[in-house]
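Asks: Protein sequence lines, in the order shown, are assigned to chains E and L.
Using the working numbering, you'd call the opening residue of the first sequence number 1 and step up by one each time.
Using the working numbering, you'd call the opening residue of the second sequence number 1001 and step up by one each time.
Just so you know, these hints were derived from the structure itself, not from any lab.
Built from N, CA and C at the ideal position, the CB exists for glycine as well.
Incorrect hints may appear among the rest.
Calculated lysine-lysine pairs in the DSS-like style (CA-CA distance at most 30 angstroms, straight line) [unchecked claim]: (1) E:Lys23 / L:Lys1025; (2) L:Lys1151 / E:Lys58; (3) E:Lys23 / L:Lys1055; (4) L:Lys1151 / L:Lys1075; (5) L:Lys1131 / L:Lys1151.
Going by beta-carbon spacing under 8 angstroms, a handful of chain L positions derived as facing chain E [said to hold, decoys possible]: (6) Glu1026; (7) Glu1027; (8) Leu1028; (9) Asn1031; (10) Leu1039; (11) Asp1041; (12) Ser1056; (13) Ile1057; (14) Pro1076; (15) Arg1212.
Residues of chain L placed beyond 12 angstroms of chain E at every Cβ, according to the derived structure [claimed, not checked]: (16) Ser1077; (17) Tyr1120; (18) Tyr1125; (19) Tyr1347; (20) Ile1401.
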Amino acid sequence: MELVGDILRGHTDTIILSLLEDKDSYGYEINHTIASSTNKQFILTEATLYTAFKRLEKAGYITSYWQDGLNQTKRKYYSITESGKQILELKRENWMVAQTILNQLIVK
Amino acid sequence: LETKIRDYINYQFRFDQREDIEDLKEELIANLIDRYQELFDSGKTPEEAYVTCVKSIGDFTEDIKDDIPLEYSIKPSIPDILLMSGAILSVFGLLITLFNAIVGVIFTALSILIFSGAAYYLYSYSQYVRKEEMDIEKHNLLLSKIFKYMKTSFIFWSISLSIIMASFVMNLISRLIIIDPTKLSFDSIGHYIFVYTLFFMIALIIFLVIFRKIYLRLMNHYYLLTGNNELKGKVRESYDFLYGEDIKRNVRPLILSPRFVLILGLVLITINLIIPFGWETNSKSYLGYRDQEYDIIYILALLKFLFSAYWYIVILPVVVLIVNIVMIIRDFKKKLKHQFFLILGYYTWSVSNIAVYLMTDLHNHLIESSSLPVWIENRIEPVNIYIFNTPIDYYSLLMMIVLTIILRYRKKVEKTYLEKGE
């Protein structure tokens, strides 16, 4: 599982972007979605998540805004930008190619 | 609970200097509270939920440097501690030697024993590591540990051993004196101190040279074993830790700094002035059978001295002394460019002492010849000039010459520094 985590972590940005494509979201919800859709096999730490957000925001792929949530807490919502969508599309294509190559090389 | 999480987050980021740190913390706290809520709802106890929550934060501190020196990458063992204890014992050995030579001998011997034992262990262990584990980094580290406290220990050992040797020699001499006091004797504490200091200096130089030879040989051996030429002792390391490493390039050896030279001069003059005051000696005193009147309270002696009739004789040295003090204070406030004058001042001190000696002769001669008017004759008395006529004078004159040489040497070093463009 450790090694799988390492492979997956390389694609954190793509995963986040693809989740944000559906709807705007905040940190915990994203992590929750990742956890539940992978049957709790893959959970990001706050640090990983936050650094990824930072990186993406700096590159201009996502924007953020504050919104009041439950429990009188403020939540930072992230939404994907146009350039973010473009890069996501590119990354998807890349992944498909990479997947095929890796399958050819590794799976026998 | 929110405060608990908030406190924890604040604690974790207490040193974080990032600009957006408040935003980050706020976001993090919101996320953690949500996670906590879910964990709590799924049936965990509050404590379990909190711990799981906090564990999920992960590591934000990757960009904060938190490196531990290489020195500590090996589990410390008893020889490491012994090595350090040996170094500390060497310092205490010196202190104790000053009070009691015999206990000092025991302490110094113990210090050397502990140090060399620990050093040998580290050496043989390093060879073992190289042969069996082939871990060169560990091997080098073990060897460098030996050198960590070596310089400090060596210096203190040589001082202690010199004192011990000087005491030993003086002891021998005093035995000879007891056998035949007519052949050999010290008439004053001044002579005693002079001879003692002489032996001490000789022994110190010999020991320092020996230890330096040993150190250089060991360094060479270390270089051959590891190929590493740069070694920092613990003192240097602590100094760098306190003041930063960049400063060290400007630091010259202490003994070559002008201030050190100046203060040493002042200290010598003060010793020169005080010691003869303190120990007024009867002329008959043999080593081991000291028979002096100790004038412990210097102030009283000084007053007595000032109110006596011959105070004018010493006006010259006192003026020189005051001028020297003023110049040193000025040197501290604003750097004097010509330390030459200060050195000149010190020489004047020595010369003035000699002058006083001659003046006293004249003074006594005048009294004896009784060619003075009565009103003067009543007020003056023959001067017993033990105050300046001590071997310490010659010793301090010698030191002045040494100081000048040091200062000249320092200038030469400075010049070469400048020429190199450093």
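Asks: Quick check: which numbered hints come out false for this structure?
Replies: 2, 10, 11, 14 and 15
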